[in-house]
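Residues per chain, in single letters:
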Amino acid sequence: MNQSETLHWRSLVNAGLLAGVVVVYTGLIGMIEVFSARGIITGVISLAELLILAPPLIAGFVIARRTLKTSGVGRTVFNSIVVGLISSLLPILLIFIITFFDVRTNVNIRNMFVNASTDLVDLLTFGLGVGVGSLALMGAFAFMGILGGVMMLLPIRIRGAVMAGLAWTLSIGMLGDLVNQILRNLFGKAAGKAVFTKGALDPAPALVIFVVAALLTYLWSGQRDNVRARYNSMGSGGKTATQRIGGGLLAIFLLMLPWILGTYLSEVLSNIGLYVLMALGLNIAVGLAGLLDLGYVTNFAVGAYTMGVLTSTGPLGRLGLNFWMVLPIAVLAAMFTGFVLALPVLRMRGDYLAIATLGFGEIIRILALSDWLSPLIGGAQGVLFIPKPSIGGFVFDTPQSIYYIILFASFLMLFISLRLNNSRTGRKWMAMREDEDAAGAMGIDTTVAKLLAFTLSAASGGLAGAIFASKLGTIFPHSFSLLISINVLSIIIVGGMGSIPGVIVGAVVLIGMPELLREFSEFRLLLYGALLITMMLVRPEGLWPSAVRRRELAHDEAAAAAVGD
Amino acid sequence: MSTVVKSPPKKKRFSRDMFERLTWVDLVLGALRIFIIVAVIVGSYNTITSDKYTVSQWVSLVMAGLAQGSIYSLIALGYTLVYGILLMINFAHGEVFMSGAFTAYFVASWTNHNGMLERMPVVSILLWMAVAALVSMGVAILLERVAYRPLRGAPRLVPLITAIGASFFLQYTFRGLYGSGFKSYPEVPMLKGTVSIGQFNIPLVQIVVIASALVLMLALYWLVERSKMGKAMRAVSEDKEVSKLMGIDIDKVIVFTFAIGGLLAGAAGVINGLYRPQGVNFFMGFFPGIKAFTAAVLGGIGSVPGAMLGGLFLGIIESVGPNLVLDGLGIPAANQLKDVIAFTMLVLVLIFRPQGIMGEKLKEEKA
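In the order they appear, the protein sequences are chains A and B.
Mapping the first sequence onto my numbering, position 346 (from 1) lands on 346, and the numbers just tick up by one.
Mapping the second sequence onto my numbering, position 115 (from 1) lands on 115, and the numbers just tick up by one.
Read the hints as simulated data drawn from the structure, not as lab findings.
All of these numbers come straight from a predicted model, not from anything done at the bench.
Heads up, the beta-carbon is just placed ideally off N, CA and C, and yes, glycines get one too.
All the pointers check out, no bait thrown in.
Now the in silico label distances, taken between C-beta atoms and shown as ranges: (1) A:E434 x B:K192: 54 to 62 Å; (2) B:L87 x A:N226: 46 to 54 Å; (3) A:E434 x B:G330: 44 to 52 Å; (4) A:R110 x B:K252: 35 to 43 Å; (5) B:E118 x A:H478: 38 to 46 Å; (6) B:N112 x A:I109: 17 to 25 Å; (7) B:N112 x A:R110: 13 to 21 Å; (8) A:F253 x B:I34: 54 to 62 Å; (9) B:R152 x A:S221: 36 to 44 Å; (10) B:V40 x A:D437: 29 to 37 Å.
Far from chain A, by Cβ distances over 10 Å, these chain B residues were calculated: (11) L127; (12) G153; (13) S184; (14) P203; (15) D239.
If you only want the chain A side, here are some residues facing chain B, beta carbon under 10 Å, derived: (16) E362; (17) I493; (18) L527.
Based on the sequences and whatever the hints tell you, model everything.
So this is what it looks like as structure tokens:
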């Protein structure tokens, strides 16, 4: 690598400038300002500061890793300082430009760049004023660069422990509201107050969390192989028992969750559950059969409108049936739509299929909005007065109770997905995904396989839609935009196409996070977009399945034995 | 590369072979085809015989369609050029269009405020176009560099998913940068008024839009057919490996293609702003993007004249269709369904004639 000094400098400058660009970008799109409201650790760091300081830290780390391969410790530290300094250049330039426009000219730069405000300057300069603040920024970035470099120099076990400690502390700080709520529900108000102020961690508990998490990780990294070996050496009966106990605990946990979390968070949980349902459904088409369906919202809409029209007690209500009678009808209606819309696209492949299904999704939405169909489904006014589900006298009208319906539906779908995954049909789909022509030549009827994939995948969407309609009580065409399809697709892709645990984790992260961190919700689609690109560039197979697969490999024998039992 | 013969071969029109290979899916699709043709004929017949619209109304609808269609054509060229070379749908091309149009709005309102627009309207508009074209070009090049280049040779769904991601990323980036409000281009006094051709009065702005789009398209056609770079582009779209052997720098050609597509999209953004000043927003690129893609497919994706014709064709259908067909079928407020016509068109073309009007039968790998 030591071909020339210039190459070396160039990579330093590139990394530094890139980190600077990231800081400037997040500033100009308003992320820094929005995030400044969210404290992580009171008086120590806010989300905005984390956002500003992370790029130089990462740049320092990356450069140190690269340098360490060829040079010594001194050089590494030097390089990481330099990268930190370089990465402060563009933000400082931004500070000066904004200040210049603010003070010297009568042109209001905010007419164009709405977020290029003096507030942003204050945030970037840590409130110290332009002159001192810029120097402070430079110093802070250099420090972050060095910190990244030092992190690289630590022995691997300690590094892992420090990182885990940081990750836990920062996540708990970020999810302050959530953790606070849980603490209050479990241990009473005082517990929440002791740890959090206005949703941010107090410094002392933060330190405790850091130390505990780091220590546990350190100890665990020593014991991990041991535990794994012990688990592997267990007899098949022991393994099955362990798995059953794990599963049982998980089930109890899921059942108790709404009571731990409270009303608002149960609402969030229900949304996550609906997306899990849809994602499991779309996973059949996209993940297993390789049919990129961008119009998945169609099925959701059909389910919701069937439920709405058939149960509504309002003027649009047809039959006034109850929730449980309509639920299967809604699923069948969605399956029928899925089947019918699959017919024309059977011959299409890959990208054309994606665009055609996108067209369907839009057609459905526009039709739902139109005056033409409004006598039937309400047009822009939507369908109102959809009753909540009820059994006997019990009405599912709280978020907690709806959660159980969704949980049950998700488990049903999960079960179906798991069975399909390993079934003959599942294998047909996977063969078709890998190579349609070859699959056809092997005697798989691709027409039937595709129709089945679309129809089954639609069922789950219809189910989610039906529950959604009854949960909300009203439905509007605007709820059925392309964004739903994109959300579901992002879940699948981030989770890992074709991987069922991945899908669930993806839904929790992509749907849960923006709901918990309200600051994120404004940038939700921005982050989804960035995530889709990064995933495709870095890990097209998805973040989670690799880990899952690794675990699967370790468990393979156990699983085989369990099936054998 | 596997060449697989798919069902029914198109050699003879009515051979026994064809009937033997006919599956029920063909029957369903055939029925769909007949249903649509009947619906179109019945609708048109009802409308025409009912004398609801006068000839001059039809002419104005067609002209509006042509103007809108020429904007679609300009965007569609970006899709077609990229598809011709990389065989990928640049789903984010609508956002390339938006980026130029949105940025040029600020230049436009600046020239409006300092009086430049009134003093030298042509220069101002050219300035807007230059800015829009440059910004769109920059975004397109960046897009290629960051999102698509590392994925060359990946399975085809991978770049498509990246493109979808890029599309949303760009939308919300510009929303963050410029805000989420709706903006309007300033009115250009020079473009007000109508021109009488024969007995018909046609708004001047439509003629300007069509003419400027035509100029740009001709320039592009010249570039592709006559210039050295155009020759290289055609060579690369024909066969990447061989053109590499001939000493063509593939990367350079691809970047150039994205740049040209972006340039045209940016210019289309300003032309769109002249035609319909309202609705400048971060989401403004999405529907024109999909419709331009429809136009590109309609004309035969990969074909430059195809994209031009496809755009104009789609514009006219979209403008005339609701009144001609849907009105005749007794559908109320048919103009709400304008977009349905465009999307149905998209789906129908993809089903029945994926090679488009102009395209030759595509090879299996391209289809």
